[in-house]
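**Q** Sequence:
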Amino acid sequence: ECLKSEELMQLTFKMPFVNRSDLQPRVPPSRCTVLHNGVVWSGEADEAHTSRRAFRGALVLRGNRIAAVIEAGEALPTEIDGIACAAVDLHGRAVIPGMVEGHAHTGFEDIAAMTDPGDTPPEEGVLIGLLNAGRLLEAGFTSAFSAAGVRPRQDPVTRNWINAGRAPGPRLLAASPEITATGNLGDGSVMHQHRDSFGLVADGADEVRAAVRRCLREGADTIKINIGGDLVPISKLSEER
8 ECLKSEELMQ LTFKMPFVNR SDLQPRVPPS RCTVLHNGVV WSGEADEAHT SRRAFRGALV
68 LRGNRIAAVI EAGEALPTEI DGIACAAVDL HGRAVIPGMV EGHAHTGFED IAAMTDPGDT
128 PPEEGVLIGL LNAGRLLEAG FTSAFSAAGV RPRQDPVTRN WINAGRAPGP RLLAASPEIT
188 ATGNLGDGSV MHQHRDSFGL VADGADEVRA AVRRCLREGA DTIKINIGGD LVPISKLSEE
248 R
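Counted from 1, the sequence shown has number 52 at position 45 by our numbering; the numbering is strictly sequential.
Hints are computed from structural coordinates only; laboratory data are not their basis.
Glycine residues also receive a C-beta, built at the ideal position from the N, C-alpha and C atoms.
Be aware that one or more of the hints could be misleading.
Said to hold, decoys possible - Computed Cβ-Cβ distance ranges for the label pairs, DEER-style:
hint, residue 1, residue 2, range
1, S150, E214, 28 to 36 Å
2, R38, E78, 17 to 25 Å
3, V46, V107, 16 to 24 Å
4, A212, A94, 55 to 63 Å
5, V197, R224, 43 to 51 Å
6, G80, T122, 29 to 37 Å
Just need the whole structure built from these sequences, with the hints factored in.
**A** Here is the structure:
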């Protein structure tokens, strides 16, 4: 069982909003916390590549770093370097390494068509991103690699609010929308009607360079590019293709 979001937020250090992706002020280094009366699984393996079994124990945190792992029966510290430790009783719950979501889309919500994200107003889109980031953290994911945002600013805003302590969420690498070519995956428009989606259409090297520069300017950490021609009309598909 995971700690609930309100318990996690009690361990979160708040600071004024900053527009920086490299600042992650989650817990001040002067804070000491002991998570005890739980089950610890480190994920470590021995030389035979056998995973160490989970064991009853405690975890000592100094700021947002693990200072010590203590097995059941050993004395729990009451202070570290003169700093009093706050004790959190896990009531038998498990402590595991934070999981990493390697293909996240925090800005996507119940998508049935690729134009659905484009039909969602930007204001609701930001709230969806923050909501899904909180869901990831509650599920035990402490890091996430975004595989595409909906708009150039949406992922960076989610990341910035998490980093500033204004919203719960994993450490997030913010992505650009999916930079794509006309007719490729992410191009939701047709001749008679322009439709926004999760794609950012750019044809040719110069347009792609300009799109990448705009996304980096707006704060993206990573760039998503669709170059495989994934969107093939059904009438053109065959067993060979």
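**Q** All hints are to be evaluated individually against the structure, with a verdict given for each.
**A** Status of each hint after checking the structure:
For S150 and E214, the Cβ-Cβ distance of about 32 Å falls inside the hinted range of 28 to 36 Å, so the restraint holds. The hinted range of 17 to 25 Å is satisfied by R38 and E78, whose Cβ atoms lie roughly 23 Å apart. Here the CB-CB span from V46 to V107 is close to 21 Å, well matched to the stated 16 to 24 Å. For the pair A212 and A94, the supplied restraint of 55 to 63 Å holds, since their beta-carbon distance comes to about 59 Å.
Evaluation of the 43 to 51 Å hint for V197 and R224 yields a failure: the beta carbon distance comes to about 30 Å. At about 59 Å, the CB distance of G80 to T122 disagrees with the hint of 29 to 37 Å.
Of the hints listed earlier, those the structure fails to meet are numbers 5, 6, in rising order.
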